[in-house]
Amino acid sequence: MASYIIPIFLIALCIYCFIKKINAYDSFVAGAKESVDLCINTFPYLVAIFVGVELFKLSGLSNVISGYVSPFFKMIGMPKELTEFMVLRPFTGSGSLAMLSEIFGTYGVDSYVSKCACVIMSCSETTFYIVALYFSSTKLKKLKYTIPVALIATFLGSVLACWICRFI
14 MASYIIPIFL IALCIYCFIK KINAYDSFVA GAKESVDLCI NTFPYLVAIF VGVELFKLSG
74 LSNVISGYVS PFFKMIGMPK ELTEFMVLRP FTGSGSLAML SEIFGTYGVD SYVSKCACVI
134 MSCSETTFYI VALYFSSTKL KKLKYTIPVA LIATFLGSVL ACWICRFI
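Take the sequence shown: its letters are residues 14 to 181, numbered as in my numbering.
Please note: incorrect hints may appear among the correct ones.
Said to hold, decoys possible - DEER-style ranges, computed between Cβ atoms:
hint	residue 1	residue 2	range
1	I28	V77	55 to 65 angstroms
2	W176	L26	36 to 46 angstroms
3	L74	G106	16 to 26 angstroms
4	W176	F41	47 to 57 angstroms
5	V77	I19	44 to 54 angstroms
6	F180	D39	55 to 65 angstroms
Claimed, not checked - Calculated pairs, DMTMM-like style, for lysine to aspartate or glutamate (alpha carbon to alpha carbon, straight line, at most 20 angstroms):
hint	residue 1	residue 2
7	K93	D123
8	K128	E138
9	K70	E94
10	K128	E115
11	K70	E138
12	K70	E115
13	K157	E138
14	K128	E94
15	K93	E115
Hints were generated in silico from the structure; no laboratory data involved. Every value quoted in this text rests on a predicted model; they were computed, and no experiment measured them. Glycine is no exception: its CB is placed at the ideal position from the N, C-alpha and C atoms.
Let's have the full structure, built from the sequences with the hints guiding it.
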């Protein structure tokens, strides 16, 4: 069934264009042209965030920050093993996925730590990547509350996720 979704969608789109008398090819070309401009405009922001994430990981700053916040995490009921994962998650998706794989290998997939990490991974987002991508494409420069609110929501969601995982 899943293999038929895209062809059905394309056929429905062609029928819609025919009914509304829209030139589908010209619309497609215009959209593709806009997407190239969007890629060119957002590329410098994406490079900056990727370089920043790599520097953050390779410099050991994520380990240092994790060491400082670990007692706080333990105090609120989050496993201290997840501190580096929680620090890294808002910056990088692939780095978080690699760390999740390490957590599985170290603690097992059915452990409390692994369950918490899975829920955190699925309910949180790479905040800085998304902010860099969206705000670069919309040309908004005033990020006054965006990042703090997103990080607080991610943190509170992660705490709640770990609390729920205690009862599963």
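Q: Just pull the numbers of the violated hints for me, sorted ascending.
A: none
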